[in-house]
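Colleague: Protein sequence lines, in the order shown, are assigned to chains A and B.
Under the numbering used here, the letters of the first sequence match residues 1 to 273, in that order.
Under the numbering used here, the letters of the second sequence match residues 274 to 594, in that order.
Honestly, the hints are just simulated from the structure, not real lab data.
Quick caveat, the model's predicted, so the values are computed rather than measured.
Be aware that a few hints might be false.
Straight-line alpha carbon distances no greater than 27 Å define the calculated DSS-like cross-link-like pairs of lysine-lysine that follow [claimed, not checked]:
(1) B/Lys587 to A/Lys190
(2) A/Lys171 to B/Lys460
(3) A/Lys271 to B/Lys432
(4) A/Lys252 to A/Lys43
(5) B/Lys403 to B/Lys565
(6) A/Lys118 to A/Lys27
(7) B/Lys482 to A/Lys271
(8) A/Lys193 to B/Lys357
(9) A/Lys43 to A/Lys132
(10) B/Lys289 to A/Lys271
(11) B/Lys432 to A/Lys248
(12) B/Lys383 to A/Lys271
(13) B/Lys289 to A/Lys252
(14) A/Lys190 to B/Lys357
(15) B/Lys590 to A/Lys190
(16) B/Lys357 to A/Lys271
(17) B/Lys403 to A/Lys248
(18) A/Lys27 to A/Lys248
(19) B/Lys588 to A/Lys252
(20) B/Lys495 to A/Lys271
(21) A/Lys132 to B/Lys432
(22) B/Lys357 to B/Lys337
(23) B/Lys588 to A/Lys248
(24) A/Lys248 to B/Lys337
(25) A/Lys271 to B/Lys418
(26) A/Lys118 to B/Lys550
(27) A/Lys52 to B/Lys403
(28) A/Lys193 to B/Lys337
(29) A/Lys252 to B/Lys581
(30) A/Lys52 to B/Lys383
(31) A/Lys252 to B/Lys587
(32) B/Lys460 to A/Lys271
(33) A/Lys252 to B/Lys300
(34) B/Lys482 to B/Lys337
(35) B/Lys550 to B/Lys565
(36) A/Lys43 to B/Lys590
(37) B/Lys300 to A/Lys271
(38) A/Lys132 to A/Lys223
(39) A/Lys52 to A/Lys132
(40) A/Lys252 to B/Lys460
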Amino acid sequence: MSEKYHNFIIFAPHSTNDIVNHKHTQKMKILVCISKSPDTTSKIAFTDNNTKFDETGVQYIVNPYDEWYALVRGLELKEAMGGTVTTITVGTAADDPTIRKALAIGADDAVRIDAEAKDAYFVAKQIAEYAKDQGFDLILTGKETIDYNGSQVAGMIAADLDLPFLSLASKLDVAGTTATLELDITGGTKVVKAELPAVVSCAKGMAEQRIPNMRGIMAARTKPLNVVAPAGVEELTSFASYSTPDAKSECKYVDPSNMDELVQLLHNEAKAI
Amino acid sequence: MSVLVYVETTNGKVAKNGFEAVFYGKKVADKFGGDVVAVTSGSADDSALAELGNYGASKVLVNKGLNDADDSQTAKLVQAAADKTGANIIVFSHDLIGKAVAPRVSAALKAGLVSGAIDAPSDENGFTCKVNVFSGKAFGFVNVKTATRIISLLPNSFKPESGGSPAAVEAFDCDCGAARVSVVETKTQDGEIPLPEAELVVSAGRGLKGPENWGMIEDLAKELGAATACSRPVADIGWRPHHEHVGQTGVAIRPNLYIAVGISGAIQHLAGVNGSKVIVVINTDAEAPFFKAADYGVVGDAFEVVPKLVEAVKKFKASNN
Ligand SMILES: Cc1cc2nc3c(=O)[nH]c(=O)nc-3n(C[C@H](O)[C@H](O)[C@H](O)COP(=O)(O)OP(=O)(O)OC[C@H]3O[C@@H](n4cnc5c(N)ncnc54)[C@H](O)[C@@H]3O)c2cc1C
Ligand SMILES: Nc1ncnc2c1ncn2[C@@H]1O[C@H](COP(=O)(O)O)[C@@H](O)[C@H]1O
C-alpha cells in the first residue's frame with residue numbers, strides 16, 4: 001500500500017525481554033475490524049414469526065475474537081514498533097458503546113461506516129472501500145462473529161483488495177515488511193511468512209485479554225469516532241428465518257459404581273462406541 | 274449446470290472432509306440437477322482421487338503442478354474449474370481451508386456464500402440453506418439471492434456412504450498465479466487424533482484440581498480411541514495446551530460422543546460442544562448445568578468414577594474381541 005512511514009533506527013536495548021529488538025523497524029498502520037455481538041450468556045430468542053433476533057434485554061459486547069485477539073495484538077505491535085491502531089465498524093449509532101470500549105482498550109481512533117450490517121459481503125465491501133487508499137499495513141479481524149459465525153468477512157476483504165489472507169492465525173509477528181504467523185491447521189499449526197500489507201483473522205493464542213483501566217475509559221470519550229457514509233453495495237444473502245433446537249430429552253442417570261452399565265448404554269442404546 | 278466440490282488432499286490422500294463434501298455435493302445435485310465434479314491440487318495419486326466417484330463425483334479435476342497452494346491460488350483454481358464446468362453451485366468443507374478460500378471465491382464471483390451448512394439446501398425462495406447460528410444455540414435459514422451459490426459444509430454433518438463407481442480423473446492445468454504466503458514449517462502432533470476430526474472426545478475441566486490428575490483422562494481417551502479436550506480456564510492456567518480448549522472462544526466440535534468430566538457446563542462451553550451427538554457428564558454436583566445438556570449423567574467424584582469407567586471400557590473391549 002502506498003504511504004509508508006520513515007524508517008526509524010532503534011537500537012536493540014540491553015534487556016533481552018524487551019519486545020523491540022529489531023535493528024530497525026517501521027511504524028505500523030493497523031486497521032482492526034470490530035463488530036458487536038450479544039453477551040455470551042444472552043438468551044437466544046426470535047420475534048416477528050421467527051424472522052428477527054429478539055433483542056429484548058440483550059447486552060452487546062465487543063465480539064470476543066475482535067477484542068481479545070485482533071485488537072490487543074494490534075496494540076502490542078503498535079507498542080513495539082510505533083504507529084497507529086484504527087478500528088472500523090460497519091453499523092449504526094447503536095454500535096457506538098462497543099466502539100468506545102475498543103477505544104478504551106487503547107485504539108487511537110475509530111471509523112464507523114454508517115449502515116446496518118447486512119451480510120458479510122456488504123460489510124467486507126464497505127471496509128475494503130474505506131481501506132483501499134489509506135495505506136494500512138495490516139487489517140486484522142476476529143476469527144468469526146459469535147452470533148452469525150460466518151468466518152466470511154476477512155477473506156472477502158482480502159479478495160476485494162487483492163491481498164494475502166492469513167486465516168485463523170494464533171501468532172503474528174512483524175519484522176520490517178514481513179509478517180510471520182502461526183496458523184491453525186487440522187491437528188497442528190503451520191508457520192508461514194507473507195509480505196505486508198495483508199489481512200489476518202485472529203484466533204486464540206494471539207494475545208491475552210486486556211481490561212480497560214479508568215484512564216483508558218476517560219480518554220476513549222474524546223478520541224475521534226469518524227462516521228462515514230456507506231458505499232452502495234447489494235447484499236448477496238439474507239436470513240429468511242430462524243429456529244431453535246428441540247429441547248433435549250431427559251438426562252439418563254447412571255449409578256457411579258456401575259460403569260459397566262454406562263458402557264453398555266453407550267454401546268447398545270446410544271451406539272456411540 | 275453442475276455442482277463443483279473443492280476437495281483437500283494431504284500426503285497423497287483425500288482428506289476425510291473431502292469425501293463428506295462430495296457426498297453432500299451429490300445430495301445437492303440430486304435436488305438442483307447436474308453432475309458433481311470435484312477439483313483438487315497436489316500430488317495425490319489417481320486411484321485415491323478416483324475413489325471420490327464412489328461418493329458421487331462423476332469427474333475429478335486435478336492440478337498436479339500446484340503444490341502448497343495458498344488461499345488465493347486455491348481460490349483461482351476453484352474459479353477456473355467453475356468456469357470450465359459451468360458450475361452454478363460450489364461446495365467447500367467449512368474447515369480451515371474452506372474458511373480461508375470460500376469467502377475469496379464468493380467475493381470474486383459475487384456469489385452468495387452459506388457458511389457452515391448443516392443440511393442440504395431447499396428451493397424455497399430460490400435457494401435456502403440451514404446453518405448453525407449463535408454458536409449452536411439456534412438455526413438460521415440463509416437465502417441466497419445470486420445465480421451462483423457457494424456452500425461450505427459443517428464437518429460431521431453427514432456420514433458419507435459409498436455406492437457409485439470410480440470417477441474419471443482428469444489433469445487440469447490453470448494459471449493460479451504465484452503464492453504470496455510461504456510455508457516455513459508444519460508442526461503436527463504425531464500420534465494424537467486431531468480434535469476437530471475426532472469421533473470420540475474425552476474432556477475435563479477445573480474439577481480435576483490440577484494437571485497432575487490428567488493421567489486417568491488420557492487413559493480413558495486411549496482406551497476409547499478418543500481425542501482429549503478441556504474447558505477454557507484449564508487451558509488459560511496452562512494445565513493443558515491451548516489447542517485442547519473447546520467452546521465459544523476455542524474449538525467447536527461435533528463428535529459422536531463427548532464425555533465431560535469435572536466441567537460445570539457454562540453456556541460458553543456448551544456453545545462449542547452442543548453439536549455432539551451423545552453427551553456424558555460426570556460431576557460431583559447434581560445441580561451442575563451440564564446435566565441439562567447431557568444424555569447420560571453420573572453424579573459422582575471423577576477420581577472414583579473415571580478409573581472405574583476405564584476398567585469397564587477395557588472389559589467391554591476384551592469381551593467384544
Ligand atoms: C466471553 C466468554 C467466553 C468464554 N469462552 C469459553 C470457552 O470457549 N470454553 C469454556 O470452556 N469456557 C469459556 N468461558 C468460561 C466459562 O464461562 C466457564 O467459566 C468455564 O467453562 C468453566 O470451566 P470449568 O467447568 O472447567 O470450571 P468450573 O466452572 O470451576 O467447574 C468445575 C466443575 O467441576 C465439578 N467438580 C469439582 N470437583 C469434582 C470432582 N472431584 N469430580 C467431578 N466433578 C467435580 C464442579 O462441581 C464444577 O461443576 C468463557 C467465558 C466468557 C465470559
Ligand atoms: N459489522 C462489522 N463491522 C466491522 N467488522 C466486522 C463486522 N462484522 C464482522 N466483522 C469482522 O469480521 C470478522 C468475521 O466476521 P464473520 O465473517 O461475520 O464471522 C469479525 O470477527 C470482525 O472482525
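Colleague: Regarding the pair A/Lys52 and B/Lys403, is the alpha-carbon distance no greater than 27 Å?
Modeller: holds (16 Å)
Colleague: Check the hint pairing A/Lys252 with A/Lys43 against an upper bound of 27 Å on the C-alpha distance.
Modeller: holds (26 Å)
Colleague: Holds or violated: B/Lys289 with A/Lys271, Cα cutoff 27 Å?
Modeller: holds (21 Å)
Colleague: For the pair supplied as a hint, B/Lys432 and A/Lys248, is the alpha-carbon distance within the 27 Å limit?
Modeller: The hint holds at about 22 Å.
Colleague: Mind checking the alpha carbons of A/Lys52 and A/Lys132 for me, to see if they're no more than 27 Å apart?
Modeller: Violated - the C-alpha atoms of A/Lys132 and A/Lys52 are around 33 Å apart, more than 27 Å.
Colleague: Are the Cα positions of A/Lys271 and B/Lys418 separated by 27 Å at most?
Modeller: Distance of about 40 Å is beyond 27 Å: violated.
Colleague: Keeping to a limit of 27 Å between CA atoms, is the pair of A/Lys43 and B/Lys590 held or broken?
Modeller: It is violated: about 42 Å lies between the C-alpha atoms, which goes past 27 Å.
Colleague: Between the alpha carbons of B/Lys300 and A/Lys271, is the straight-line distance 27 Å or under?
Modeller: Holds. B/Lys300 to A/Lys271 sits at ~25 Å (cutoff 27 Å).
Colleague: So if I understand the rule, the pair passes when the alpha-carbon distance is 27 Å or less; does A/Lys271 with B/Lys432 pass?
Modeller: OK: A/Lys271 and B/Lys432 at ~14 Å, within 27 Å.
Colleague: Quick one, are A/Lys252 and B/Lys587 close enough, alpha carbons at most 27 Å?
Modeller: holds (23 Å)
Colleague: Against the 27 Å threshold, does the CA-CA distance of B/Lys357 and A/Lys271 hold or violate the hint?
Modeller: violated (44 Å)
Colleague: Hint check: B/Lys495 vs A/Lys271, CA-CA at most 27 Å. Holds or violated?
Modeller: holds (19 Å)
Checked against the numbered hints above, the structure breaks hints 1, 6, 7, 8, 9, 12, 13, 14, 15, 16, 18, 21, 23, 24, 25, 26, 32, 33, 34, 36, 39, 40 and satisfies the rest.
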